[in-house]
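K.L.:
Listed here are the chains, written in short residue letters.
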Amino acid sequence: MNKVMSNKFVIALYILPALLLILVLVYVPIVLTGYYGLMDWDGIGEMSFIGLENYTRLLSDPKFWGSALNSLLLAIFSGVSLIGYLAISLVLAAKIKGANLLRKIYLIPMLLSSVAIAQLWLKVYHPINGLLNSFLVNIGVDNPPSWLANPDLVLGAIFVPIIWQYAGFYILIYYAALKNIPDTVIEAAKIDGASPLQIAYRIKLPLILGVIKVTIVLSFVGSLKYFDLIWVMTGGGPNGASEVIASYMYKQAFNSYNFGYGSAIGFALLLLCLLATVFIQKLTKSDDDIQY
Amino acid sequence: MYKKKVTAISLLLMMIVSIVLSACGGGGDEDNAGTTDGGGDDQKTVKFMHLWPEGSAKQHNMIVQDIVNAYEEENPNVKVDVEVLSNDQYKEKIKVLASSNQLPDVGLTWAAGFMEPYIRGEKFTSLDDVLEGDLSDSFVAGTVDAFSSNETAYGLPLELNIAPIYYNKKIFEDNNLEVPKTFEEFKNVVTTLRKNGITPITVGNREPWTGSMWYMYLADRIGGPETLTNAINRTGTFEDPGLIQAAEELQNLVDLDAFVKGYNGLGNEEAKGPFMNNQAGMYMMGTWELPNYTTNEDVPQEFRESIGFFKFPTYDGGKGDINSFVGGPGVGLFVAEQSKVKDEAKDFVKFFVQRWGERSVTDAGVIPATKVDTAELDLPQMYIDVLDELNNASNITLYADVQMSAAAAQEHLNLIQSLFGKEIPPEEFAKQHEQVLEAED
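Chains as they are written, first to last, in the UniProt record's numbering: chain A, 1 to 292; chain B, 1 to 441.
Hints were generated in silico from the structure; no laboratory data involved.
Check before you lean on any hint, since a few could be wrong.
Stated by the list, open to error - Sample of chain A residues facing chain B (criterion: CB under 8 Å; computed from the structure):
#1 Pro151
#2 Gly156
#3 Gly235
#4 Asn239
#5 Lys251
Glycine included, every Cβ here is placed at the ideal spot set by N, Cα and C.
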């Protein structure tokens, strides 16, 4: 078998299918999107080349930057919420009663599709007979806000289900990483007289730092290109108050028939995500590789 | 050694098989396309795509199927290949098909703004030759125009809807209210209902085309029937005093607390709830809602009997009259320009339109775009009333978001949401419209 694997031809043979798929399905469309971004195209008729006009328009489009700001807010918000997930996983990973059940409960939202979650939360936020407003009326609030109709509240109202949706995913990742820490290390620390907080902060966290870095990138980039839940719940409204880059891109390309401009937005989104990834990796870079 | 070779060869085989299999998957479409042109004289296939799935639009689906069957019977050498998608899927797919020149021979399209890029891209063929002769007279005046560009018809309308205000007769009675004839009376109805703890009007303005109709009626009654249309087609301006005043009056309604709580966050279906549950007095919607108030057995009969409709009241000193409506044709049939069986497709379209009219109104409760003789049909009273109103209509203003180009429509809908939310003053509302429409020119 070793001999087969060292054969160049076989190596190429192994790599080729995946490479082809990824080229055709990912890289070629990326290049094409960048190319369409140079066009004035309604998606149906003839294209005409307009150079960088779409991209210059993008730079001075207040709606794009408004949506980019919303995306960034979401990214920061989900980044901060990672701390909460981490805290929960630390508790779950300690051998407490019912941790197993709790872990499963946290995971359930992840099993629902985004559209189902959106429908669920639409009911929660319903201005008249929604769960939240019914509760508020019952505890004596006279005129509870219409969460999704108020431009000042809508963004926050939408962040909550998104955080809720991904909690299970990150908790699961942290939980698995924490479980991987050998008991011997923890025991040694205990014998040395470390308090549980010290163990968590000085031992467990540094040991799973690699995983934490990955989750930061995942949540940040995932938030930047977030689309589905927002699209179903508000469609970016009212009047753009909950618009994110991806929903703005969709509207431009498919509702306004500006396929060229939509492509330019898509390409810009890709660049932003790449930048964010590089930036975060730089920011969290550390040389010391931990060995158990 | 031998074993290794076997491993290598079997891996190679696996790869080849998988590549061949994936190639087959890609080839499927080509085969389908081949049947359209390969038929020759004896057997031709017309591909027809529509948006009435059996599940959600059973009656429509059945009528289409019947018409297709009848057509195939009369024309044994033509086979109609039907593909059904749901509304939203349809909208997306038709766009993708158009850009790759694979439109079905016959399909459905929406009027004006939606069609524009397809006409510009020469995807739809002219249907003027189909309209020659007796067919053009059978359409309600003006409906074909919405599917025309430069005097050439590219689509044949199937439906025609106007938007009256439906109201709950029982709620009106309980509160000693009468159908308002003027806007002042209308405001009085609103305040009375609100005072008595009933939601006066329900509207789902998360989908702002619903709120747009309210604005359009105010614009019509205050500024006259042509003002808004002229502003959109650039013979007029959106900063017309009538249009600004209409925006003001709309915000006055908002101040009167006329609309259901959280209207900007509710979808149309959600907003319909309070009306269907006797919790809201009024609801403005297209006449496609009629079955819910007449024939739909899923709605309690008591409720159906308590619903009536009235025309948007007149405005004191305004230029519009009470018989002017907001509305327009829904979907229409197109024939693809690159179709290889154009003659058959056109023939089928003609056949379809002729059969559709009567059956659609009796079986599916659709108000067709072709003229219907109400005397000969057994219809619920509300239908007869609506059809009579249609006959007396002085004007039908096509929905603003349909009149505008797609990009301007998007902006219009956003601004409608802001107007309802009082985030924008009326002058600014008009000014931003003017800018968007100006930029398009």
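K.L.:
Going through the numbered hints above, which ones does this structure break? Give me the numbers in ascending order.
P.N.:
Violated hint: only 2; rest satisfied.
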